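**Q** Put together the whole structure using the sequences plus the hints.
The listed protein sequences derive, respectively, from chains Y and W.
The first sequence finishes on residue 214 if you use UniProt numbering, and the numbering steps up by one all the way, no holes.
The second sequence finishes on residue 214 if you use UniProt numbering, and the numbering steps up by one all the way, no holes.
Please note: incorrect hints may appear among the correct ones.
The list makes no distinction among identical chains, and a pair is therefore deemed to hold if it is satisfied within one copy or across any two copies.
Distance condition first, Cα-Cα at most 27 Å in a straight line; then the derived DSS-like pairs of lysine-lysine [stated by the list, open to error]: (1) Lys212 with Lys133; (2) Lys188 with Lys212; (3) Lys188 with Lys133; (4) Lys188 with Lys210; (5) Lys154 with Lys188; (6) Lys162 with Lys188; (7) Lys154 with Lys210; (8) Lys212 with Lys162; (9) Lys210 with Lys162; (10) Lys210 with Lys133; (11) Lys154 with Lys212.
Since the hints were made in silico from the structure, they are not lab data.
Since the model is a prediction, treat every value here as computed from it, not as a measurement.
There are 2 protein chains.
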Amino acid sequence: MSPPSAAAESTTVWAELRHAEPSDVPFIRRMIYQMAEFERLTHLFSATDTSLLSTLFPSPPLPHFFSFTPLVLYLSSTSPPVPSSQTLSITQFSLSSPVVDPDEADFGSPLGDGRRIAGFVICFPNYSTFLAKPGLYIEDIFVREPWRRMGFGKFMLSSVAKKAAELGMGRVEWCVLDWNVNAIEFYKGMGAEVFQEWRICRLTGPSLEKYKDE
Amino acid sequence: MSPPSAAAESTTVWAELRHAEPSDVPFIRRMIYQMAEFERLTHLFSATDTSLLSTLFPSPPLPHFFSFTPLVLYLSSTSPPVPSSQTLSITQFSLSSPVVDPDEADFGSPLGDGRRIAGFVICFPNYSTFLAKPGLYIEDIFVREPWRRMGFGKFMLSSVAKKAAELGMGRVEWCVLDWNVNAIEFYKGMGAEVFQEWRICRLTGPSLEKYKDE
Numbered sequence: 001m002s003p004p005s006a007a008a009e010s011t012t013v014w015a016e017l018r019h020a021e022p023s024d025v026p027f028i029r030r031m032i033y034q035m036a037e038f039e040r041l042t043h044l045f046s047a048t049d050t051s052l053l054s055t056l057f058p059s060p061p062l063p064h065f066f067s068f069t070p071l072v073l074y075l076s077s078t079s080p081p082v083p084s085s086q087t088l089s090i091t092q093f094s095l096s097s098p099v100v101d102p103d104e105a106d107f108g109s110p111l112g113d114g115r116r117i118a119g120f121v122i123c124f125p126n127y128s129t130f131l132a133k134p135g136l137y138i139e140d141i142f143v144r145e146p147w148r149r150m151g152f153g154k155f156m157l158s159s160v161a162k163k164a165a166e167l168g169m170g171r172v173e174w175c176v177l178d179w180n181v182n183a184i185e186f187y188k189g190m191g192a193e194v195f196q197e198w199r200i201c202r203l204t205g206p207s208l209e210k211y212k213d214e
Numbered sequence: 001m002s003p004p005s006a007a008a009e010s011t012t013v014w015a016e017l018r019h020a021e022p023s024d025v026p027f028i029r030r031m032i033y034q035m036a037e038f039e040r041l042t043h044l045f046s047a048t049d050t051s052l053l054s055t056l057f058p059s060p061p062l063p064h065f066f067s068f069t070p071l072v073l074y075l076s077s078t079s080p081p082v083p084s085s086q087t088l089s090i091t092q093f094s095l096s097s098p099v100v101d102p103d104e105a106d107f108g109s110p111l112g113d114g115r116r117i118a119g120f121v122i123c124f125p126n127y128s129t130f131l132a133k134p135g136l137y138i139e140d141i142f143v144r145e146p147w148r149r150m151g152f153g154k155f156m157l158s159s160v161a162k163k164a165a166e167l168g169m170g171r172v173e174w175c176v177l178d179w180n181v182n183a184i185e186f187y188k189g190m191g192a193e194v195f196q197e198w199r200i201c202r203l204t205g206p207s208l209e210k211y212k213d214e
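**A** As structure tokens, then:
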């Protein structure tokens with residue numbers, strides 16, 4: 001019998017943040033829905049695989065980071081990923097114990113190679129007139145529930161920020177809900193400034209459609 | 001002698017919101033600086049004509065509203081504008097009295113045709129994952145001081161919103177400072193929702209550059 005205080009065996013997980021392929025769209029759609037549930041905004045959710053596919057994978061394709069850019073986080077506990085032209089970043093995590101993932105069947109790689117999808121990022125260029133430079137806006141950064149608080153969010157945000165800095169962009173920006181104190185502390189720890197004075201304004205639905213008739 | 005209660009003679013001004021040309025860049029740069037003064041953010045201003053030109057007018061050019069899109073507001077009190085492929089919208093204003101514009105010499109049309117530049121808009125596409133649709137983000141909308149409170153801002157925002165709706169975009173969004181109560185009332189009057197819960201996060205300068213080394 002092992003003593004009750006024995007350290008749990010650590011588990012190695014390889015993480016790859018890679019540009020999404022069209023085959024990743026159903027996984028992205030399910031994660032967007034999970035995110036809408038977390039943000040209490042499911043009433044605003046209307047994405048379908050078809051609409052995501054046509055808007056995120058236009059034909060002809062646009063260069064990564066010069067238009068809407070979806071990325072997915074693939075994890076593998078069996079073998080390190082083989083880098084490809086779609087790879088943004090690869091790293092290795094040592095977790096204190098294996099993770100129980102109740103949605104494993106829904107997020108397994110379509111390639112049947114034991115990999116699973118645990119998160120995603122969608123970003124696109126924005127523009128600062130004060131800097132006269134493009135920046136990168138992160139519309140979504142999401143890690144599925146069983147994989148949170150292990151460093152995967154930090155890995156994704158760091159990888160994207162590194163790329164933006166390498167591309168000479170002046171800023172990386174995103175939004176957070178003011179009641180999401182865990183996220184705010186996490187972002188501040190990453191070096192981000194959180195602006196208190198700015199408010200987002202939006203025309204949408206009938207309030208936008210009415211301008212068609214003007 | 002006319003009675004003291006006689007209505008002042010009204011002045012006609014034609015307004016054209018048109019896609020900017022490279023020759024408009026010096027005017028745009030001066031207006032960005034005026035905007036930075038108004039927002040008390042001149043310490044963040046570092047745009048030059050060269051940096052604006054290279055980032056707003058890439059070669060080869062990208063289609064309007066599919067990337068960074070600068071628009072300028074031209075006014076003429078002598079003759080209606082002749083629509084061109086650069087024209088987004090034209091309208092006619094009847095002002096109660098002629099406007100004294102102390103910066104007229106700095107904002108006269110380079111074509112020497114009596115037109116002047118009174119405002120600008122810079123916008124670009126953003127993306128909503130919940131809608132799986134592009135939207136339009138207005139980075140800046142600005143009217144020079146002597147021309148405010150006459151409807152030019154409404155004309156510019158309406159014209160851009162109309163175009164976004166026609167392009168099938170799901171939202172038009174922008175930001176406002178929470179102390180700018182005049183702007184907030186104006187935007188609400190235009191049908192916009194102002195979100196109180198979202199906060200903008202930003203990595204910039206050294207906080208962004210450090211990710212290059214990760």
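**Q** Hint numbers the structure violates, sorted upward?
**A** Nothing - there is no hint that the structure violates, so all of them hold.
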